[in-house]
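Asks: Okay, here's what each chain looks like letter by letter:
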Amino acid sequence: MTALHAAQYWALLLALAISLALNSLVFSAIIVAKLVRERRETALAALQAQLTDLLVSISNADETFSVERNRVTIGDRVILLPPPRGLVGSTTRELILSFIATLKGEGRERLTLILESAGYVDATIQGLKSRSELRRARAASILGGIGSARALPALTERFLLDPSQEVRLVAAEALAALRDIPGIPGALLFLEAARQPTRYQEARIANVMSKFGASVVGPLEDALSDPDARIVNFALDVLIEIGLVLHPDKVIAITKHSSAQVRSRAIELLGAVGRIDAFEPVSEAMSDSAWFVRLNSVKALIAMGTPRDEAKRARYFRALETALHDERWAVRRNAAAALAAADDKGRLILQRALTNEGLAALHMYYLRRGQVVPTIT
Amino acid sequence: MLTHFLWNAFFGFAWLILVYTVFVNSTYLVYTLVAIGTVRRHLKTRSKERIEQIFRSKRAPRISVILTAYNEGPTIIDSVRAMMRLLYSEYEIVIVNDGSEDDTLQLMIDAFGMERVEKTYEETISTQPVRGIYASFECPLLLVVDKENGGKADAVNAGVNAANHPLFCACDADSLLEDDALLQLVLPMMDRLAFVPVAGGVVRAANGSTVTRGTIEKIELGHRPIELFQVVEYLRAFLVGRTAQAALNISLIVSGAFGLFDTETVKRVGGYNKDAIGEDFELIVRITKHLHEIRREFEIFFVPQTVCWTMVPHDWKSLRNQRERWHRGLMQTLQWHSHMIFNPRYGKTGFLGMGYFVLIEFLGSVVELLGYAVFPLAVFIHVLNLPTALLFFLISVFGGAFLSLSALLLEELSFHRYTKWRDVLKLALYAILENFGYRQLTLWWRCRAMIDYFRRAKHVWGEMQRASFSAPPP
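First to last, the sequence lines map onto chains A and B. With the first letter of the first sequence counted as 1, position 168 gets the number 168 in this note's numbering; the numbers rise by one all the way through. With the first letter of the second sequence counted as 1, position 112 gets the number 112 in this note's numbering; the numbers rise by one all the way through.
It is worth saying that the hints were derived from the structure and are not from the lab. One should not assume that every hint holds.
Unchecked claim - No more than 25 Å apart at the CA atoms, straight line, and that leaves these computed lysine to any residue pairs for SDA-like: (1) B:58 <-> A:248; (2) B:58 <-> B:70; (3) B:58 <-> A:199; (4) B:48 <-> B:110; (5) B:58 <-> A:177; (6) A:104 <-> A:34; (7) B:44 <-> A:177; (8) B:274 <-> B:335; (9) B:274 <-> B:338; (10) A:34 <-> B:42; (11) A:256 <-> B:166; (12) A:34 <-> A:15; (13) A:34 <-> B:192; (14) A:211 <-> B:55; (15) A:312 <-> A:244; (16) B:48 <-> B:164; (17) B:58 <-> A:272; (18) A:211 <-> B:89; (19) A:129 <-> B:42; (20) A:256 <-> A:241.
As the list claims (entries may be wrong) - Stretch by stretch, here's where chain A covers chain B in the computed footprint (C-beta under 8 Å, at least three residues): (21) 387-399; (22) 420-429.
Said to hold, decoys possible - Only part of the chain A face toward chain B is listed, based on derived beta-carbon distances under 8 Å: (23) 9; (24) 16; (25) 27; (26) 34; (27) 202; (28) 241; (29) 329.
Note that the Cβ used here is the ideal one computed from N, Cα and C, for glycine as well.
Put together the whole structure using the sequences plus the hints.
Replies: Right, dumping it as structure tokens:
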């Protein structure tokens, strides 16, 4: 029993020693982490001060400017940029990048030239070959920010061939940021969207596609007849963002789609492009069973404005008057806003309708504020 | 003969406790390592650009922020103003006045020019009667639901009924969200192929920090030991515990003070249960149960860099009430959903998720209390010698301190919100000190809650002393 007792005692003592050692280790790590952070922050603040001075001078077109490798001459000052690697290099690149985003024209070109000349662009292109998906994506994103044409072939390759969907997408974003994408037809990007993306990736693809403008409107309109409602919605979203429709009949056709989401988006698009020839389907949507379709119908009517044609004018006000008594408050509120914003006839309809007890708050509001008309989501 | 039997019994029990301690500490060690890896990955992938993309995107789902208020006069205006500053493309704020007896409703009417409106209110989830709905024409994103008092769960349910958007964020009126909180929380919901019905963030103690017009201006620690102990506890629970559980996809708690939910799913499972003591825990268990039953792949997500600041109790009585309520809530939920525990039908949730709550959260307090009772007795009757008992105690103390210090290290390596040396050292000190008295006190409260629960004592919320963000507690 005594021997067992002693073994137990020593085992416990050992456990205590280990836990004490671990505590000391973690405590020391906290102290070291804090010390390292503070030193790094101090060094970075100094570098930032120096670079900010350089960046401000560069954007001044009157200053003479030349660059040779990492040696930048602005007026009579010479600045040596740190090599593109390590913490100092990446901080320099991040600082210049954040500055590039705020510049246009010559200042921006000068900074891109500096990054190319000092080896920052090449170093980042090397990053596109990294084994780590995260690093490749980060490198593509940085190259999009720098805006150097030198990165185009490498980015195009990543976009077309990278095994990671995330990297392909970031490369597409970078290419779109460069606004010089002869080798990438819009349809290819659209196909990208159909490869089971997450909603976040879908949003980014829509964002990239919207930058292609009119060139992708045709394929997007074709996609409106796709049997998959998700694809139709996606196409509608991008068209809304671009704000252009070449064949309104294709959009009008889907205002009767089985998916309320699609109907709602189609009405929104017709409102966004302000096609007066779409007045009929938009006002018809006021009797849709889904409240958000009716809401978008009211908003689309507001966006289209009061028609000049007498018959259409009468139908326009009738539709808004119907909406004023809608079961949904958001629809009523926007209809009231539309009528208040319209001419005397609209305001008369509003005054007459607002005697209804259920609309008392709207009544008070518009009587008090006259024509202040918010559009409410 | 009797002495020999007692010796063996105590000796066996002592080793059982030691084995249990090793099991618990190993679990936490695994959690710590998983949390470190997860936080590092989060920091690498969740860049500023990604958050900005969501902010600019028209495809980001709309969110209803639900704020429940019961006698929140001192903090309500600051809280609403803070919510109005949130960065998000399209959201609404639904404030539910849960029959406040103070001037909460009038304060909102005056501050935001609210007027009573005839808005459609579909009672999908049954709640106490709604007295009126108020909208603000000056701030169109605000909506107030004024209802009869029915408790926190009932109030959130009324907010869910009134919410117009596919996602809702439930927050307490005495909490402050960081500006990009919604963007941070919505990202996993948009960026996962699996369905994410709930995403939660970190809750931290705001006591001692400077708050101006609903925004945290300066992050500092409170002065009272009770506040500092809770800062350490929250760091350990959120940065390590919740992060690791979510990474292992066994998460079952998203704090009621801060979480983003899929509105349709919550409505489908019937909303918060009004009879549940720990309604947030119970709701997540019910959601996971429902999703397992319909065989839908899902993830409960936790975002460690999103913070909700809240005033934690600054007096012992309030803290005791809170902790007793939490523990009763734990036991009630485990009892209500006992069929899920270690049930293969519920996969990892049943085994590891519910298993953790049974074996560590529930059983832990029983074993620890028994340890405190049996060891002195064993020394007293000379079954165990004093140095051995002391060694047991010290191992358990430094094991606990190691986990708290690890959480502090993770904080320092990642988010480093506490910038002053003094604050970091203070937290390190309290990570050790909490094991001498505070831990035993909270253990006693948990055990009391357990006894009360088994005796079926009537559950009361107890008076909670709240401090306003604008002024330090008395």
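Asks: Give a verdict on every hint.
Replies: Against the structure, the hints:
1. B:58 <-> A:248: Roughly 22 Å separates the two Cα atoms, so the pair holds.
2. B:58 <-> B:70: violated (35 Å)
3. B:58 <-> A:199: holds (11 Å)
4. B:48 <-> B:110: violated (37 Å)
5. B:58 <-> A:177: holds (19 Å)
6. A:104 <-> A:34: violated (39 Å)
7. B:44 <-> A:177: holds (22 Å)
8. B:274 <-> B:335: With Cα atoms ~16 Å apart, residue 274 of chain B and residue 335 of chain B stay inside 25 Å; holds.
9. B:274 <-> B:338: holds (19 Å)
10. A:34 <-> B:42: holds (21 Å)
11. A:256 <-> B:166: holds (23 Å)
12. A:34 <-> A:15: With Cα atoms ~29 Å apart, residue 34 of chain A and residue 15 of chain A exceed 25 Å; violated.
13. A:34 <-> B:192: The given pair, whose Cα atoms are some 34 Å apart, is violated under the 25 Å limit.
14. A:211 <-> B:55: holds (17 Å)
15. A:312 <-> A:244: Holds - the C-alpha atoms of residue 244 of chain A and residue 312 of chain A are around 24 Å apart, at most 25 Å.
16. B:48 <-> B:164: violated (29 Å)
17. B:58 <-> A:272: Holds. Residue 58 of chain B to residue 272 of chain A sits at ~14 Å (cutoff 25 Å).
18. A:211 <-> B:89: holds (20 Å)
19. A:129 <-> B:42: Roughly 22 Å separates the two Cα atoms, so the pair holds.
20. A:256 <-> A:241: holds (22 Å)
21. 387-399: It holds: at least three residues are needed, and the stretch 387-399 of chain B offers 8 whose Cβ sits within less than 8 Å of chain A.
22. 420-429: That given contact holds, which follows from 3 residues of the stretch 420-429 of chain B lying within Cβ reach (below 8 Å) of chain A.
23. 9: With a minimum Cβ separation of about 6 Å from chain B (threshold 8 Å), the hint on residue 9 of chain A holds.
24. 16: Interface hint status for residue 16 of chain A: holds (5 Å vs cutoff 8 Å).
25. 27: With a minimum Cβ separation of about 6 Å from chain B (threshold 8 Å), the hint on residue 27 of chain A holds.
26. 34: holds (6 Å)
27. 202: Status holds, d = 7 Å.
28. 241: Cβ of residue 241 of chain A sits 7 Å from chain B, so the hint holds.
29. 329: holds (4 Å)
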